[in-house]
Amino acid sequence: MVDGREPSFAVIVPMYNEEAGARAAVEAIGAVLRGMDAPCRLIVVDDGSRDATGSILAALAPAWPEMQVHTHAANRGYGAALRTGVTQAARMGFTYALFMDSDLTNHPWDIPRFLIAMREGHDVIKAARYAKGGRVSGVPARRVWISRLGNAVARLLLRLPLSDPTNGFRAVRVELLMRLRLTETRFALIVEELYQLKFLTRSFAEIPVTLTERAAGRRPTSFRYRPRVFYDYLKYPLKGFLGIRPRL
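Residue 177 in my numbering sits at position 177 of the sequence shown, with consecutive numbering throughout.
In case anyone wonders, no lab produced these hints; they're calculated from the structure. Don't be surprised by glycine CBs; every beta carbon is placed ideally from N, CA and C. Hints should not be assumed to be uniformly reliable.
Okay, derived cross-link-like pairs now, SDA-like style, lysine to any residue, Cα gap no bigger than 20 Å in a straight line [what the hints assert, rightly or not]:
hint: 1; residue 1: K239; residue 2: V153
hint: 2; residue 1: K239; residue 2: S163
hint: 3; residue 1: K132; residue 2: G150
hint: 4; residue 1: K132; residue 2: S147
hint: 5; residue 1: K132; residue 2: R113
hint: 6; residue 1: K132; residue 2: T210
hint: 7; residue 1: K235; residue 2: R247
hint: 8; residue 1: K239; residue 2: T201
hint: 9; residue 1: K239; residue 2: T185
hint: 10; residue 1: K235; residue 2: R245
hint: 11; residue 1: K235; residue 2: F187
hint: 12; residue 1: K132; residue 2: R159
hint: 13; residue 1: K239; residue 2: F199
hint: 14; residue 1: K235; residue 2: T183
hint: 15; residue 1: K235; residue 2: E184
hint: 16; residue 1: K132; residue 2: V144
Per label pair, the in silico range of CB-to-CB distance [claimed, not checked]:
hint: 17; residue 1: R245; residue 2: A152; range: 21 to 27 Å
hint: 18; residue 1: T71; residue 2: R245; range: 32 to 38 Å
hint: 19; residue 1: L242; residue 2: R34; range: 43 to 49 Å
hint: 20; residue 1: A52; residue 2: D110; range: 25 to 31 Å
Given these sequences and hints, build the entire structure.
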């Protein structure tokens, strides 16, 4: 258990069939965590990978005692993987859960900036591509403009001080996450989470970051812009706009 008097955090990283990038992710994140002056840990959730991801993580474990690996026997989705990580973070007494993807499109060197915001007492801390100082590099223009439009609509409806509400690189107090009743299994969980947090806290912070494209050779992202995706993402901001409170 960690000492709860100072902010502490677990970095939670879901992986599914990430054999091409698992080692790079663990080594990059682990190197940053080793330099932190706060209690922290890396929790990797292998969400039913069918490739060599599990064996790669097992081989890395002796060199990275800061890492815990939790394995789902079958693929249960992004939402379930994050819930597994949060449950473990709560058991270990961490103050915050910091979520990031394994593809390193958000760089671990931004993790210390999250700790600054944690020490300032913010409950929800979001990385922001579209805030002043943030940017997107190497991502196709079509994806960027769709993302910008979607975030603008979500921000208008949620009425929160966030320029990039759909960004999945974020940190949230574990005690708040444990109060949520999240149902989404895919990436819409990010907005479902924020919709529920809207009614629990008013303490938000943003950290400008640079988002890059996935490196060559990595498994392509499973995220696709489809009509169902727009519905899944925007139904929660619309509920927030209408004042429909979640059942917490």
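Verification of the supplied hints:
The straight-line distance between the Cα atoms of K239 and V153 is roughly 13 Å, inside the 20 Å bound, and the hint therefore holds. For the suggested pair K239 and S163, the alpha carbons sit about 19 Å apart, so the restraint of at most 20 Å is met. At roughly 18 Å between alpha-carbon atoms, K132 and G150 fall within 20 Å of each other, so this suggested pair holds. The suggested pairing of K132 with S147 holds, with an alpha-carbon distance near 16 Å, which does not exceed 20 Å.
For the hint pairing K132 with R113, the CA-to-CA distance comes to about 15 Å; that is within 20 Å, so the pair holds. Of the supplied pair hints, the one linking K132 and T210 holds, its CA atoms being roughly 11 Å apart against a limit of 20 Å. Distance hint between K235 and R247 is fulfilled; the C-alpha atoms sit about 15 Å from each other, no more than 20 Å. Distance restraint check for K239 and T201: the Cα-Cα separation of roughly 17 Å lies within the 20 Å cut-off, and the hinted pair is therefore satisfied.
Restraint check: the Cα-Cα separation between K239 and T185 comes to about 19 Å, which is no more than 20 Å; the hinted pair holds. Note on K235 and R245: the hinted pairing holds, with a Cα-Cα distance of about 13 Å set against a maximum of 20 Å. Restraint check for K235 and F187: the C-alpha separation of about 13 Å stays at or below 20 Å, so the hint holds. With a CA separation close to 19 Å, the supplied pair K132 and R159 stays within the 20 Å bound.
Pair hint K239 plus F199 holds up; C-alpha atoms about 12 Å apart against a cutoff of 20 Å. At most 20 Å may separate the alpha-carbon atoms for a hinted pair to count; K235 and T183 meet this at roughly 13 Å. Distance restraint check for K235 and E184: the Cα-Cα separation of roughly 12 Å lies within the 20 Å cut-off, and the hinted pair is therefore satisfied. At most 20 Å may separate the alpha-carbon atoms for a hinted pair to count; K132 and V144 meet this at roughly 16 Å.
Between R245 and A152 the beta carbons are some 24 Å apart, a value that agrees with the proposed interval 21 to 27 Å. For the hinted restraint 32 to 38 Å between T71 and R245, the CB-CB distance of approximately 36 Å keeps it satisfied. Checked against the hint of 43 to 49 Å, the pair L242 and R34 passes, with Cβ atoms roughly 46 Å apart. In this structure the hint that A52 and D110 lie 25 to 31 Å apart at CB holds, the actual value being about 28 Å.
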